[in-house]
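Q: 4 is the number of the first residue of the sequence shown in the numbering used here; add one for each residue after it.
Derived by calculation from the structure, the hints in this document are not laboratory data.
Warning: the hint list may mix true and false statements.
[Unchecked claim] Pairs of lysine-lysine residues, derived as DSSO-like cross-links and limited to a Cα-Cα distance of at most 27 Å, are as follows:
1. Lys155 <-> Lys192
2. Lys140 <-> Lys65
3. Lys332 <-> Lys382
4. Lys192 <-> Lys140
5. Lys382 <-> Lys65
6. Lys85 <-> Lys125
7. Lys85 <-> Lys61
8. Lys85 <-> Lys155
9. Lys347 <-> Lys314
10. Lys155 <-> Lys90
11. Lys85 <-> Lys35
12. Lys61 <-> Lys382
13. Lys378 <-> Lys347
14. Lys347 <-> Lys332
[Said to hold, decoys possible] Here are the simulated distance ranges between beta carbons:
15. Gln48 <-> Leu209: 40 to 46 Å
16. Asp203 <-> Phe114: 52 to 58 Å
17. Met387 <-> Leu311: 20 to 26 Å
18. Arg49 <-> Leu191: 46 to 52 Å
19. Tyr171 <-> Phe352: 40 to 46 Å
Backbone N, C-alpha and C define an ideal beta-carbon position, used for all residues, glycine too.
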Amino acid sequence: MKRFIFVLLAMVASTALITPAAFAQIMGGELKLSGEAKSGIYWEQRQQEGRDPEAEVKLQNKDDAGSGQGRFRLNMDYENEKNFGFKVRVNWENFADTAPQWSYAFGYGNFFENQMTVSVGKLGASPWGTGGPEMWKELESMISGGMRVEWKPEFVPGNLNVGFVLNYFNSDRDQGATDIPVSLLNILKESVIGVSYTHDMFLVRLAFRLDDEMDAQQDNKITGGKGEEEMVYRLEERVLSSYLPGLQVWAIGHLYGITPKGKEIRWLRNWLFAQYAPEDFTAQLRFGYEYIESRSEFYIKPSLYWNLFDKLLSVGASFTYCQDFGDGKMYEGSAYRYLELEPKIQLNFTSSYIAFAYNFRQEYLQPWSTLAAGKDPLKQTQWMNLRFCIYF
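Working from the sequences, and respecting the hints, build out all of it.
A: Printed below as a string of structure tokens:
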């Protein structure tokens, strides 16, 4: 039965891919299809003092394409004349898998002259997420799905979006707690509250996920959990570009375990970006502060890419310097946690690119990992990646 349902859905999706206009005409409304296909050839060599070098070659694209052989992504957005529709995103990252990964698949309806939106299903496409780059985090995205309500009042200047999500536990109820009855309060304590506000001068997104001890990770549920409340945010200014076109500043972050029980915040990530992107080049400076248990990491990552021949060719590099500190510092006396240099050359076509990137990284490990007497626990990694991508 499950196989039949999957085949049926695949046939419907294939039909939509071939004739989206016909599909929309039959159903009424508009169907939009988009996506990407990425893969590449990846070579990596790892070496540590006292060990023989290790190397591997495989299919992979390191440009935000997952950890598998690449990524095939299909987005399907449909809305009819009655303001009802659906949004679906399907990913394949391990091409040998026979079934896709459904990033999200939900139906929605717009009410009260589009001032309220109600979504039901496996949620995604959040109006309250971090929005990237690299850090793509949405607190309502989970396996079991849920219900999202968004209120977008017209009387507020700008675009205000306030709402909440009712869903299920975001991790397994393991370690002997699965026989404990689940109450309505347990479910309500897993809700997400979100707000976003877009103005001509700035953008703000903020989401907070509550937590119930029923699904606390790592702790036995009978003794209570450590706390898994989460928060994500995005802050963006929109004034500087009016004075200097191409200039942009924004910040994104993800905090986990922010109301812990008996210990400090479990971990957090905060990134601040400053970017200047006129026609001829893109220069970016990223500052990062990340906290994991008792160790903090601060890093700075400048990058510069020149656009040549009317953006047909892009050439440049990024450099990262990271230093850790605190009681959990990786190696006392180290001048850095890691250094990373990544030059890249990219050939851009209409809706596609071919790129070659090289990465060199040196990092300090824990002292016990030292294999050679009198040597620092340094690990050196270098990789090369020939990448291919098509957007559609």
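Q: Any of the earlier hints contradicted here, and which numbers?
A: As far as the earlier hints go, 7, 13, 14, 16 are violated by this structure, in ascending order.
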